[in-house]
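Asks: Those protein sequences? They're chains A, B and C, same order as listed. Note that my numbering has the first sequence beginning at 929, numbered continuously upward. Note that my numbering has the second sequence beginning at 195, numbered continuously upward. Note that my numbering has the third sequence beginning at 4, numbered continuously upward.
Think of the hints as simulated: they come from the structure by calculation, not from any bench. In this text the structure is predicted, and so the values were computed from the model without any measurement. Even glycine gets a Cβ: it sits at the ideal position worked out from N, Cα and C. Just to be clear, a hint being listed does not mean it is correct.
[Claimed, not checked] Pairs of lysine-lysine residues, derived as DSS-like cross-links and limited to a Cα-Cα distance of at most 30 Å, are as follows:
#	chain 1	residue 1	chain 2	residue 2
1	B	Lys365	C	Lys470
2	B	Lys495	B	Lys407
3	A	Lys1202	A	Lys1070
4	C	Lys296	B	Lys356
5	B	Lys365	B	Lys495
[What the hints assert, rightly or not] Taking CB as the label site, the calculated pair distances span:
#	chain 1	residue 1	chain 2	residue 2	range
6	B	Lys356	A	Glu1266	31 to 41 Å
7	B	Ala234	C	Ile45	31 to 41 Å
8	B	Ser404	C	Leu274	19 to 29 Å
9	B	Ile762	A	Glu1266	30 to 40 Å
10	C	Arg27	A	Asp1069	11 to 21 Å
11	B	Ala234	C	Pro437	39 to 49 Å
12	C	Gln481	A	Gly1231	40 to 50 Å
13	C	Leu212	A	Gly1381	45 to 55 Å
14	A	Pro992	C	Leu15	52 to 62 Å
15	B	Ala234	C	Leu5	51 to 61 Å
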Amino acid sequence: MTPLSELQPALPALSHAAALTALCAAAAVCRRAKGPSVLPAAVSAAGCLAAAWAAAAASSAQGPLLDLDPAARLWQLLFGAAALLFIAARGALTWRAAALLSGSLCGMSLLAGARNLFMLFLGLEMMSLPVYLLIHGLRPDKRSLEAALKYFFTGALAAGFFLFGLAAYYAGTGSMTIARSPEASPAAALGVALMAAAALFKLGAFPFMFWLPDAYEAAETELTAFMATAVKAAAVLMLMRVLSLGAGAVETLALPTLAVLTMTFGNIMALRQKDLQRLLAWSSVAHAGYLVAAVWAWRRLGGPPHAAATVYLYLGLYLAASAGAFLALRASGARTREDLPGLAERAPLAAVLLVVLLLSLGGVPPTGGFTAKFFVLWDLWRAGSPLLAAAVAFNSLVGLGYYVGLVRAMTLDAAPAEPRGEGACPRLGLRAAVIVCAGLSLLTGVMPGLRAGLEGLLK
Amino acid sequence: MSPLPAAALVLLAAPLAALAFGFFVTHRVRPRTTHLPILASCAAVAAASLALLGGALGGASWSGRLFTWISAAGVQVHFGLLLDPLSVSVLSMVAVVGFLIHIYAVGYMRHDAAFSRFFLYFHLFFFAMVGLLTSDNYLQLYLFWEGVGLASFLLIGFWQHKPTARAAAWKAFLTNRVGDVGFLLAILLLFRWTGTVAFADLFSNPSLLSSQKAFIVGFLLFWGACAKSAQFPLYVWLPDAMEGPTPVSALMHAATMVTAGVFLLARSYPLLERAPGLLPFIALVGAFTAVWGAVGAFFRKDIKRILAYSTVSHLGLMTLGRGGGGVFPAVFHLIVHGFFKAALFLCAGNVIHGLHDSLGGAPTATVDDAGGLRASMPMTFAAFTLGAVSLAGVPPFGGFWSKEFVLAGAFGTPALAALGLLTALGSSLYIGRMLFLTFLGRRSWQKGHAAHAHEAPPVMWVPVLLLSLGGALAGFLAAPLARLLGVEPHHASHTVTALSIASMAAGFGLAWAAADLAPGGEPAWRSRHPALLEAVESDFGWQPFCDRAAGAVAGAARFLGDIVEGSIWDPGTEDAAAAFPALSEVLGRRARGILNDYALLMTAGAAGLAILVSLCF
Amino acid sequence: MLLTGLWALPMLTAPLVWAAPSRRAARLLALAASSAVLLYSIWLWGPFSAEEGLLRLHESGAPGAYGLRYHLAVDGVSLSLCWLTAFLSLVSIVATWSDERPNAYWAAFLALEAALMGVFLMQNLFWFYVFWDAALIPMFFIIGLWGSGNRRRAAFKFILYTFVGGLTLLLGLVGLVALHHQATGAWTWEIPELTRATASGPWAPYVFLAIAAGFAVKVPVFPLHNWLPDAHTEAPAAGSVMLAGAMLKMGVYGLMRILVPAFPALSAAALPWAAGLGVASILYGALCAMAQKDLKRLIAFTSVSHMGFCIVGIFSLTPEGLSGAALQMINHGLSTGGLFLLVGFLYERAHARGLDDFGGLAQSAPWFAFFFAFVMLSSIGLPGLNGFVGEALSLYGLLRASPPLAAAASLGAVLAAAYGLPSFQRVFWAPPGPASRSPLVRDLTFREQAVLWTLAVPIVGLGLFPKPLLDLVAPAVQSLAQR
């Protein structure tokens, strides 16, 4: 292998790293430009595009630490899309914020391609740390500082779990590569369990999800959209990689119960939330529950491509709907439930888009959310657990309780006398992003063949 | 069975055309002339039915199918006409009586504001009755059967502002519906067991139905007939039906509509024959109703209600005739009764019309209000007397002959004979009392009433006279009708005739004594035992029982509608849905944002996973 | 492309109507679209009768993996339901033809029509379910935005209650496909294939119950009905016409198209329960109707009673009962649609719906009285009008299945008279109430009469000449009964 081809699998990460170094250099050089401007955002976006091109074009080489199998490519594209959505919505970034973003993206690329558990850990931490800083960086107020710190401490605890797990797994099997280890020793199983706990923390599953609502509520809405999609996708990736090490008991018992607990807790907590971002935070916890159920079905069926395709499809459509919903809230300027009545008159376009996105989150046909949930239900039933399918159905019903409640508040309730909430945010990029997300949600609602396409990609 | 002649099609086409023309044209443009097309249609139907009667006397009978009504796998029903001796004879009576009452109604309803609407409803009934008599299968008969019920609802409640009229209309339709449910079940069972409801198929091979099945179907048919022909359990609506205008009471609730039940029993005679115990049961119910009606008629004061109970009694006689003697006595009495009962009702109409101003516009009159009308209303008095003697069964007149045939049939069993004679006595008793009090008694209406009773205009008393003459001379129809129905009339023995004449004479004597023509005072025997009077007033508790039953159903409805639906079911589902937000309140207090709790929970979670793995390894 | 046009035409014109420059233009465009759909659906009769076989005019997209392809077809029952939907959509648009309706109102009706057409045409479970839930959204906005009184609560309750049914149905459908896979080893979402092999296995009864419950919420059957009165009371007149006229038929159609053919043995076994619930719906609906003070709630409960006849007809599993159910769906659409229109006209004039608010309208509004009596008589099953034929056939079917239940169901006819006539008398014959004296209660305008005549003609037509419609549904019913 020529030296260049050796680097093939690392190309996406390297492109992000290049953007990172360029941004740090620029931050050091030009003292004057303190405020956010378009240039840093453009550089970071360039990094993303380069990474995406590399992921798509590179031949599937396999290095000792990193590789670019079809699944990894899909993950790279997923992260790239979420990042571009964030940049488009933000429009302008300070040098420091852009650098942090590229750093986090670099971590994600490493995570996507990791074949070695240690590389997985490295990617995890490199992704998380910038996000802690960004939470406070983008909106420097007391609440975001508190949320960032809480996220940091609990994140550090989770990192500790991961390392314990790593060590135990290494002790048990003597190998660090992410591959099915032949003999299953108790230490290895313990290691897998702890690593899974870290992944569940990152995903926001019960009982590790308490940091999530505070972080999502306090952070800048665009960042919350980024965290709700890219970071959660990375967590799912980690969970799938870790479980593929042979999860045993974790798989059969813990996952289903945790899935049900997560979705039920998330949905019920979301019912009475006043702040809209906190409500969507709890709803993303519920979606984490559905994702855990989908991953369980994938493991239960022996990891076939069609079940993996279901997880990716769900993630993709959930990404569109959730990011879209957060950004639509930002665009419409509604902050709490009392701001919603009369929104349809004040900002008709934003209201219509928000309705479509909320219905997609609720899984109501003809939106993409339904197609995703449809395949999850099918796989759950196929994996031989109609009861879990029933739990998912029941929970999406509870979910509809608050999604349709929001739709009702927006469209049906009478507008209050004096207008509430900040005015609609006129940023063009934000509007474009919301329109793209809503359009995607509607389009995928009538494309059941999507999963078969993904499945073909993964083979 | 020769194909349908043109006259048959006129029977249905003429009323339909008149109704359509009346509704869409004259009712809109010139409401005062709506009765003209309708009278023309009555004439056409009368002429057509008489023509068919001529043909039928010559031994002809017609049937034909118009179009396929319902065709779903096992249920094949056609719309067709069947004109055999039975339907043609009853049809002729209905057509002639109907025509005369239509003419009478022109005079009676002249001053009514809704003159045109009245005639549309009146002719709708006429069309439904003609349809009923000429249908060739049970389902089509059921269609016109409910059509007649609808017309009676509209006509009883014609004077909409009167609350009693509205209640009576609703009671009539509901009671009829109770009967119709039995009729419909009979039809469905016929489909189930024989696969057809056409008379031709059913009666051509009687072996289709076993005797036990025939009994069930027969009983259900009789249940339907009870509602329509006001037999004992379901007669409660007929006395209240007097709330309608008098021509309605005359045509529908005396001569034609109420006889539909008897016609149904006559029509399904092959079916009833196959059920062993059914005919005696029917005869018993008929006899009991006859006596029950006679008792009711004697104690009533309101002239129309007396005649209503008299109709219940005579329908009982027809049913008794049908049960005891077969088709001929029932049909013959049906026809004769049609004539003289219509005449009596129209006379009552004349009396009410005549006293209208002096009674302050009351829609009806009591026997005490009237009295001594012989001088001022000679024509009505003559017609009423003819009708009364025919009803009572005075020898040369029509009623006597038809009652004879019924009693002859009934004399087979002693119980029926006794009840028959009792009815004969009762009939002459109540009609004699009414005759004496209304026409021969002192002129009670003069004290305090300024105006005097005036005779009805010719357009009203001419049809009344014709009808009463028809009733009186109907005896001569016995022979031709027997020949038409192809049955040998079973003449009563001399003892039966003697007994019935004796009881009729006794009746008249008692009536003279009871009426004792005191000038408007309460006859002595009325005040002596008020409890008996009150009991009879409410039909020995049967009327209140029915009202309580209806009240119970309405109460159940209110219970289900308001309590179960309103306060248990609706709030129940809403509270179930509200449980979730309440739960979220409780859980909300847990996640208060304290970092230590978060870390504690996370560690517990991880530890749990670790323990689980090590345990289950 | 034949059948896709049926649902695509209204779906594509809906956004155009929404974006129409003026309210008048939106209304006219909506009218044009709905009449075009009606004419198109009637024109389909030609190609439909030209073909042979049970399901005709097949039309499908590329065969996707696992049989998830877009597949349309139509048989006698679904074609008649398409006619009913198209007809009622046109009627409801013309009936509420007034200026202050915004563009979205007309667009919502077109979207609803498109979704309903989709439900009646789709032969693939995925697409069937997409259109099934998609129909809820326009109705939610119709009730919520343009209803009366506390419309928001009613709309919210309507959509959540129906989602409960919807999600149970989704679980059941996925279960059905899984059972089919267990039985035949093949994955397919095509209704014709699914209903060919009989699904069995330990999970079969639960799947049967889930699907039955999902459809029962929509019918609605007795215990699951109480979203209907609120939805009807608050919906605008045209909304009630579509809700009662066409949307309730989705549940009954589902039972006939999916549940009974897929589980013939279980349907037969479930006869006493299902028919029992049907009879309970008939009697409960009628009794509750008798106790109502609000006209719209009264008519809503009569719908529960009429749908009970459909359930009874279907679960008798006899050709007569099934054709009775198919006929009853059309009849109920016409008569209840007419009743809701009339009450809507009354509400438009006097803004009151209570029975005791009105009285003596027969004098001031004779045409009102005539049409209300006419449609109410059809609703209580007077023979000669269309209600009777459907009920008689359903009763006959039930009689063949279980005579005692048939006797109980026939009591429904008495109770029907008990709620039908008193309500007519109180509104039209009783002495004038507070609302009837207001000068507003004038007689029907020409437009309103024209609409009601277009309803009255089929009511009498189907009453006396149901043969063509019975022949249309006969093949579908025959194949259902033979299973």
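Asks: For each hint given before, does the structure comply? Return the numbers of the non-compliant ones in rising order.
Replies: 1, 2, 6, 10 and 13
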